[in-house]
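Residue numbers (the numbering used here), protein chains in the order written: chain A, 1 to 318; chain B, 1001 to 1500; chain C, 2001 to 2163.
Think of the hints as simulated: they come from the structure by calculation, not from any bench.
Owing to the predicted nature of the structure, the values given are computational and were not obtained by experimental measurement.
The beta carbon of each residue, even a glycine, is placed where N, CA and C say it ideally should be.
The reader is advised that the hints may include incorrect statements.
Unchecked claim - To spell it out: a stretch of chain B is covered by chain A in this simulated footprint if at least three of its residues, at any positions, have a beta carbon under 8 Å from a beta carbon of chain A; those stretches are:
hint: 1; region: 1066-1075
hint: 2; region: 1192-1199
hint: 3; region: 1292-1303
hint: 4; region: 1334-1342
hint: 5; region: 1467-1475
What the hints assert, rightly or not - Here are some chain C residues the structure puts well away from chain B; computed CB gaps all over 10 Å:
hint: 6; residue: Leu2043
hint: 7; residue: Gly2065
hint: 8; residue: Tyr2099
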Amino acid sequence: MKRKSIGAIVGAITALGIGAVPAMAEYPVSTVRLITHSSPGGGTDVFLRKIATTLGPIMDVNFVVENVTGGGGAKAMAEVAAAPKDGSVFYGSTPSYIITSLLSKPEVGYDQLDPIVNMFYDPQTVFVKSDSPYQNLQDIIEDAQASPGAVVAAVSTPSSLDRQVMEEFQAITDTQLVTLTHDGGGDVLMSVLNGTAAVGIGEIAEMRGQLDADAMRVIATYTEERVPGFDDVPTAQEQGVDLVVAKFRGIVGPKDLPPEVITAWEEGVQEMMADPEFKEWYEQEGVQYGYLGHDDANAAREEFVASQTEFFEKFDIN
Amino acid sequence: MDGLSYALTALTTPTIVLSAAGGVLWGILGGALPGLSPSIAMALVLPFTFDMSPLAAIIMLTSVYIGAEYGGSIPAILIRTPGTNAAAATVIDGYTLHQQGRGGEALGLSLVAGTIAGLVGLICLVFLTKPLAMVALYFTPPAYFALAFLGLSIIAALSEGSLIKGLIMGVIGLMLAMVGTDPLSGAPRFTFGEPDLLGGIDYIFVMLGVFAVAELMNKVATPDDGAGGVIKNTVTRMRLPGLRKMWELRRAQTIGTGLGIIEGPIPGAGGTVAAFLSYNEAKRWSKTPEKFGHGSEEGVVAPEAANNAVTSSALIPTLSFGIPGSNSMAILLGGLLIHGIQPGPMLLSNRPDLVYGLFGGLFMANIFMLILGMLVLTPCIWLVNRPKPYLTACIMMVVLSGIYSINQSLFDFWIVLVAGVVGYVMRRLEFPVLPLILGIVLGYMIESSYRRSLLLTNGDHIVFLQNPLSLGLLCCAALIIGLAAYAEVRKARKPQDMHG
Amino acid sequence: MRATFIVSCLLFLLAVAYWLGADQISVSRLAGGVGADGMPKLLAVALGVLSLALATQTFFQMRAGKLAAPADPVKEGDEPTNWHQHARAMGLIVLGGFYILLLPHLGYMLSSMLMLGGVSFYAGLKPSLRMLVFAVIGGVVYYLIFTRILGIPLPSGFWPRLF
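Take these sequences, add in the hints, and give me the full structure.
If you want it as structure tokens, here you go:
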């Protein structure tokens, strides 16, 4: 249980590019390994497997998903950084590889990898139990100002983005809440359900079951725009709290890849993102479109690293 | 009666029956190989379930889970090595029975006790899902703290001979549990810049070290005297206990099953705590408590019943909230999501075919566990009766292979070897090993829940007394400590008539 | 007795070291009132006190033991008792250490063959053709079980470079 990694198994599925018309220049290798630090069935794993089956025919490549767990992603990073620079190995990235690099300073960190493309944003949402008196962020802020240190907000692991969001929320709104950390997203839901915490921060995919049963409500999202499927939920910015979280999902590779490999990815991923069937799938998963090409993804990472470093320094975590 | 017909449909679909049987067999093998936890055994079959029907897929995954939780007790009894965390409590009396040449009986007891507990747990899962789901909801940080404290209080009862030595081992276990990421701030602690230590030290490494490696060290220290093995009067067959025997052991069986069912739905508590608590309670309520630790049948039945009962009730939070309480359940959830099934409060009304089909599948899985267990155990007993040099080499290699699956790190092998040396030294000096295990298993829970509770009240300890569940559990803990202290004092007064 | 005394002194040193280690933990105000170092320091103190108590207890038992019966309680038959046997036990750890060092270079199959041969020899088996067969077949079987069936990516060593 708890913070342990689950183990690592090469669970592989292949996407055969049968009958795909190679619309673009041929990719230099026929089999590409997509590495994830997530265990089979975990969030990034499911996401990569879907990409493998969708992107395979488009790029005319066999994708194999491999789970390399352990060390908070340090193992997976080391494996990708040491891979041949021919476009045969990539890493399915989430912010955690950067957070791990900054916090534990492994031998191979984020700076030895090169972001290829970003694809999605995981919207961070604020949710409450359905019978909660809170209707919007202002209710929470008022309550927290009236009685400092009484409103409990549940967030997932200590170095997660939702924890950082909560700390920044307090700074922006000049309130004092209790930020209760957990061992994972599931425990956060449990704390909100049993009333330990008044509000929770989390991702839509995790609470889908509770939302379907009307046991929980989403009252705000930390996104630029409203989340598809939650069109009546205003963003935090709309509610007067200027806070946007870019929890990205993308593909990262070894440094110095040939330009044609990067171009092949950029073109292939754009085509995949435009596929209506794929769009339906990812919106159901509760993620938002967030395509960024190679240069933009690099710039976004620099920005992300800077904000993380600032946060860790501000709170003396190192 | 729709439910029953769904269950019957599942029971009569050949692919589903096959996936239950295959799952249980795979699980028993995975659980029996030390280092392969139930969750890894499940993760290994996960890719194969992608192409199955959703019902066959979840039945296969849960069958692997059931099989693996049982399988862990086979090496616990035969080679003093718990195959899974929850089997650690079985080692005490199971291995002693094996050394007395009664390994076949111990295996039979664990199999039958496990099957009965699994079936009773299933009945509770079917009829008591709602109330048991409430158990999961009642557990707030103060209650978790009290539960962990109750678990630790058993140290007082488990440190036979020397309370100081037991406490020292417990503290060392807790110290090991501090390694890793701080549960509140996220700061790394005692990791020495080693990324492998960020996630903490997995209990299984310490268990394999202090149990398996230390035992192997013992074996090679005393050279073969030509007799072939140490165990005399060996029974080379598995022996199932009769009805009468099980009736005699009903008390331990009930305690184990009951505690297992209650602990199952509590996220994060898991079968290990249930197994240790029921071992302790079975000893307290036993007519022959002095036999515990020296080859007691009840000492096998109680923890085995507990860790198999957990397999049914642990499904409750996953199915009824969509919230996994353990690594194994997280993989089950992943398997469901891949099939587009969203577990949660709506699952029963949206997909009754799936829920009742799963119940049918669980019933099959428990029956298959009994049948396949009987088939597997005799070859296992044969294997451990090979001459000592071969056996020692084979066990050492199993230990140095399976754990690689957890982090794919050679670093973990070193942890196991160091734990082996520590275990060997402690055993020579008669330091009890179990408090160490309890400490390392409960350390994270007790610290994180303590500090989270205090956050809730801005540092006021009253929080532990305000919560009724926490208060109740703390009273139980106080009782256990009090009784152990009383026994210690009485023993100190009359030293001559002790030492049974 | 004497060994227990020495070990309890070592444990006291461990407690001191642990305290110093706990002092290195970076203190963040996110860690709550108790702090990231609170529990580790508490444990260090607990171990310090307990180890001193054990040392004292053992010390007095040793003195009382000199006056009365000097013998340790009788151990069970197969328990190792003397230093020669303890050294033999440590040898197994040394073998394990060699295995861990060789594994990334020689690959899993060959290392496990060497380990099976080495440990069985160390545990009293006379070198013979039978032992060789056991080690070779054993290594292949382990390779098949763990790498092929279970799919655990154990190191393959230098072998892939040969082909």
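Checked hints:
no.: 1; hint: 1066-1075; in the structure: violated (count 0)
no.: 2; hint: 1192-1199; in the structure: holds (count 5)
no.: 3; hint: 1292-1303; in the structure: violated (count 0)
no.: 4; hint: 1334-1342; in the structure: holds (count 5)
no.: 5; hint: 1467-1475; in the structure: violated (count 0)
no.: 6; hint: Leu2043; in the structure: violated, 5 Å
no.: 7; hint: Gly2065; in the structure: holds, 14 Å
no.: 8; hint: Tyr2099; in the structure: violated, 6 Å
In this structure, the hints that do not hold are numbers 1, 3, 5, 6 and 8, in rising order.
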